[in-house]
Amino acid sequence: PKLTTYGGMIFGNWDGGAESLDDFLGELRWYLDVMIERQIGGIEFVPGMQRYSLKANWKIASENFAGDTYHLGYSHGSMFKLDIRQLNPGNPNFGNKADQYYNIGLDNGHGLTGINFGARYDIDRELAKSYGPEVVEYVEECQQRLIKAFPKYQADMYAPSFSNMFPNLSFNDFSALRPIGFYLWLPKGPGKLEAWNWCGLDRDAPQVIKDQARVDWTRIQSVSGIAAQDDTENFEQVTEATRGVVGQRLDFNYQMNVGQDLLEGPEGCPGRFAPYISETNQLNFYQHWATLMDASQIGAQTGDIHGQRRATAPR
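The opening position of the sequence shown corresponds to residue 5 in this note's numbering, with each subsequent residue numbered one higher.
In case anyone wonders, no lab produced these hints; they're calculated from the structure.
Hints are not guaranteed to be accurate.
Listed next, the in silico DSBU-like pairs over lysine-lysine satisfying Cα-Cα at most 30 angstroms (straight line) [unchecked claim]: (1) K152 x K63; (2) K192 x K63; (3) K192 x K6; (4) K214 x K133.
Label-pair distances were calculated between CB atoms; the ranges are [unchecked claim]: (5) Y10 x V250: 39 to 49 angstroms; (6) D208 x E271: 28 to 38 angstroms; (7) P155 x V250: 22 to 32 angstroms; (8) E271 x G251: 41 to 51 angstroms; (9) S300 x I44: 18 to 28 angstroms; (10) G193 x E141: 18 to 28 angstroms; (11) L7 x Q252: 39 to 49 angstroms; (12) G193 x Q291: 43 to 53 angstroms; (13) P191 x E141: 20 to 30 angstroms; (14) E23 x T246: 24 to 34 angstroms; (15) S300 x S228: 37 to 47 angstroms; (16) G30 x K156: 34 to 44 angstroms; (17) Q252 x K152: 53 to 63 angstroms; (18) E271 x N17: 26 to 36 angstroms.
In this text, a Cβ means the ideal position worked out from N, Cα and C, and glycines have one as well.
Modelling step: build the complete structure from the supplied sequences, incorporating the hints.
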């Protein structure tokens, strides 16, 4: 077996001849490095891990984090109507600012959604004022770490929002004032999965932020939280809908954004940039999955379904 670490996380592979983790992550590291580097003291986890079972296909959960943007304003509509300060207004569902956000597809089936270059830090700093000078200084130090470590646009991203590391490791990172969600979606048979959730915090964050993050996690992203309950119901109902008579009989429509030109991302930022409301990343996820499931394609490189030239950025 092969063992290696990245950002404090331990990765293993039973195949000693498998590609390295660095090669597998590829350009995804350009984005996840920001999440890792922003933590002044490194990431620590709230003790304990949540585990729960769902009657759902694991891929539905993974693709949700890779690219499902259009469910947010509807499935979570009631949540956004509440006066929850820690719902960072950098979320594009606030103020119809979807044109300022990108979905980014990467090789090996990885995907990120809700990427913005510039807004999330500005909003974090404004929110930090309600906590006092210590928290404002903390947010400023987080940003200064990124400025020193990375090129301009990489530092400007500040937080990589939703992302999924293919096949089934997802992240939720919007803000230095919110917890970082780590999710592992484990298949347990046809139409069954087990979810493992962790709540990550900056070890050196002010105590008031740590305390608030624990509360936010419990209320929003934990299995009992309002967002997670919305999502898990979706996961189960989408899976169930594909198993019925009509779902088995009819073809599904995957034409959303097919043929639409991709976007030009900021100079030096890697990946295939697509509109915030699109299914480009879902198609990228399932294309790579289908390639891996096709024995005749083992060892072949996944093609670029969009034919777009990608920029390669320094790490």
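*Regarding E23 and T246, is the given constraint of 24 to 34 angstroms on their beta-carbon distance met?*
holds, 32 angstroms
*asked:* Tell me if the beta carbons of Q252 and K152 are separated by a distance inside 53 to 63 angstroms.
replied: holds, 55 angstroms
*Given a hinted range of 18 to 28 angstroms, is it respected by the beta-carbon distance of G193 and E141?*
violated, 50 angstroms
*When you check the alpha-carbon spacing of K152 and K63, does it fall within 30 angstroms?*
Violated, at about 37 angstroms.
*asked:* So if I understand the rule, the pair passes when the alpha-carbon distance is 30 angstroms or less; does K214 with K133 pass?
replied: holds, 16 angstroms
*Taking only the CA atoms, is the gap from K192 to K6 under or equal to 30 angstroms?*
holds, 24 angstroms
*Okay, P155 versus V250 on CB: inside 22 to 32 angstroms?*
violated, 50 angstroms
_Verdict for L7, Q252 (Cβ pair) under range 39 to 49 angstroms_ = Holds, at about 42 angstroms.
_Pairwise beta carbon distance, E271 to G251, judged against the given window 41 to 51 angstroms_ = Holds - the Cβ-Cβ distance for E271 and G251, about 44 angstroms, lies within 41 to 51 angstroms.
*asked:* Verify the CB-CB distance for E271 and N17 against the hinted window 26 to 36 angstroms.
replied: Holds - the Cβ-Cβ distance for E271 and N17, about 35 angstroms, lies within 26 to 36 angstroms.
*In this structure, is the beta-carbon distance linking G193 and Q291 contained in 43 to 53 angstroms?*
Since the Cβ atoms of G193 and Q291 sit about 24 angstroms apart, the hinted range of 43 to 53 angstroms is violated.
*Could you say whether the range 34 to 44 angstroms given as a hint is met by the Cβ separation of G30 and K156?*
Violated, since G30 and K156 (Cβ atoms, about 22 angstroms apart) do not stay within the stated range.
Of the numbered hints given earlier, the model fails hints 1, 7, 9, 10, 12, 13, 16; all others are met.
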